[in-house]
Amino acid sequence: MSDIAERVKKIVVEHLGVEAAQVKEDAKFIDDLGADSLDTVELVMAFEEEFGIEIPDDAAEKIQTVGDAIGFIKSNAKS
Amino acid sequence: MFDLSGKTALVTGASGAIGGAIARALHKQGATVTLSGTRTDALEKLKGELGDRAHVIAARMDDAADIDRLVKEAEAAMGKIDILVNNAGITRDNISMRMKDEEWEKVLQVNLTGTFRLTRATMRGMMRRRHGRVINITSIVGVTGNPGQANYAAAKAGLIGMSKSLAQELASRAITVNCVAPGFIATPMTDVLTDEQKKAILGRVPADRLGTPDDIAAGVVYLASDEAAYVTGQTLHINGGMAMI
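Just so you know, the sequences run in chain order A and B. Quick note: the first sequence, position 13, residue 13 per the UniProt record's numbering, numbers continuous. Quick note: the second sequence, position 34, residue 34 per the UniProt record's numbering, numbers continuous.
If you're looking for bench data, these hints aren't it; they were derived computationally from the structure. Even glycine gets a Cβ: it sits at the ideal position worked out from N, Cα and C. One or more of the hints may lead you astray.
No farther apart than 30 Å at their CA atoms in a straight line, the calculated lysine-lysine pairs in the BS3-like style are these [claimed, not checked]:
#, chain 1, residue 1, chain 2, residue 2
1, A, K10, B, K80
2, B, K72, A, K74
3, B, K72, A, K62
4, A, K10, A, K74
5, B, K164, A, K62
6, B, K28, B, K80
7, B, K80, A, K9
8, B, K45, B, K106
Just the calculated beta-carbon pair ranges, DEER-fashion [unchecked claim]:
#, chain 1, residue 1, chain 2, residue 2, range
9, A, K74, B, D101, 43 to 51 Å
10, A, D36, B, A77, 28 to 36 Å
11, A, K10, B, E102, 49 to 57 Å
12, A, V13, B, A171, 19 to 27 Å
13, A, R7, B, Q168, 30 to 38 Å
14, A, R7, B, S172, 19 to 27 Å
15, A, V13, B, F116, 32 to 40 Å
16, B, M97, A, E14, 56 to 64 Å
17, A, K24, B, A77, 40 to 48 Å
18, A, S75, B, G148, 21 to 29 Å
Between the sequences and the hints, there should be enough to build the whole structure, so can you do that?
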């Protein structure tokens, strides 16, 4: 399952153009990683594609940190 | 210039005169087109005329589920939507004192709410591909107003404000959002006017003729093209000089 965390972090690094070391589980996308609101929408879209899941809007709004994303995907991913 | 080979376009209201002209023009520039509307026979006829690179998907703009289905089916048919032309629109003219709530609501629902929903559903793919063209067909009356068309003018003015907001939200993703505002265009809708009415209208048009659907389509082709990449949030008025804004 740690594989999920690695895949999430890789997407965040690629998408936001940040250093891997910055992508800690408590890092907030907007406050700590410089994402804007559109970036967060795109991150959610990227997670959906990578993990073959659907993240509803109300759940997406609660995903504010890298750890939130990993947690949601761990409990909802099919594989 | 304005080559659209390899591009895909969804045109709503393609069974009408202006929508049909837009679809033909985009297709002529090389785009694959999906023709949408409610009159399936007219859409199929246009598809037959265009030949290859044309699809028909009927949909109602006052039905949220139908709009989502339209986007899914258009993406499935063409692989993607590069260009969205929101041309579908209706009128329910009446002087305001006599305008019924349902006449107001229906026009807002189809012309404004339907356009927002369809655009929102299409944006996802455009954002992912970092490319998109949204072209909303508004109207001169959205800027100047017109007696008997408070509902239609409000919806068309609403499209302009909506487009400017979307343009700012999406510009960093290389998605442009613009409006084309036709003036008086010769269509079956204006054919019913009496000669006297036409004369009165022409008196206000410096170009001294009604516009044609092709005049509008040319503006859409430009805004859909790669050449117009730096144009966003704008309203292109095509009206023979009837209003200079």
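Here's how the hints hold up against the structure:
Distance check on the hinted pair: A:K10 and B:K80 sit about 26 Å apart at the alpha-carbon level, within 30 Å; holds. Between B:K72 and A:K74 the CA atoms are separated by roughly 28 Å; this keeps the pair inside 30 Å, and the hint holds. Of the supplied pair hints, the one linking B:K72 and A:K62 holds, its CA atoms being roughly 27 Å apart against a limit of 30 Å. Taken as a hint, the A:K10 and A:K74 pair is honoured in the structure, with Cα atoms around 16 Å apart against an allowance of 30 Å.
A C-alpha spacing of about 28 Å is found between B:K164 and A:K62, which places the hinted pair at or below 30 Å, so the restraint holds. Taken as a hint, the B:K28 and B:K80 pair is honoured in the structure, with Cα atoms around 19 Å apart against an allowance of 30 Å. Straight-line distance between C-alpha atoms of B:K80 and A:K9 comes to about 28 Å, which keeps the hinted pair within the 30 Å bound. For the proposed pair B:K45 and B:K106, the alpha carbon gap of about 28 Å is at most 30 Å, so the pair holds.
Checked against the given bound of 43 to 51 Å, the beta carbons of A:K74 and B:D101, roughly 50 Å apart, stay inside it. Remark: the range hint 28 to 36 Å for A:D36 to B:A77 is upheld by a beta-carbon distance near 33 Å. Look at A:K10 against B:E102: about 53 Å separates their beta carbons, and that is inside 49 to 57 Å. Take A:V13 and B:A171: their Cβ atoms lie about 25 Å apart, and the range 19 to 27 Å holds.
A C-beta distance of roughly 33 Å is found between A:R7 and B:Q168, which places it inside the suggested range of 30 to 38 Å. Checked against the hint of 19 to 27 Å, the pair A:R7 and B:S172 passes, with Cβ atoms roughly 26 Å apart. Checked against the hint of 32 to 40 Å, the C-beta distance between A:V13 and B:F116 comes to roughly 34 Å, which is consistent with it. For B:M97 paired with A:E14, a C-beta distance near 60 Å keeps the hint of 56 to 64 Å intact.
Remark: the range hint 40 to 48 Å for A:K24 to B:A77 is upheld by a beta-carbon distance near 44 Å. For A:S75 paired with B:G148, a C-beta distance near 57 Å fails the hint of 21 to 29 Å.
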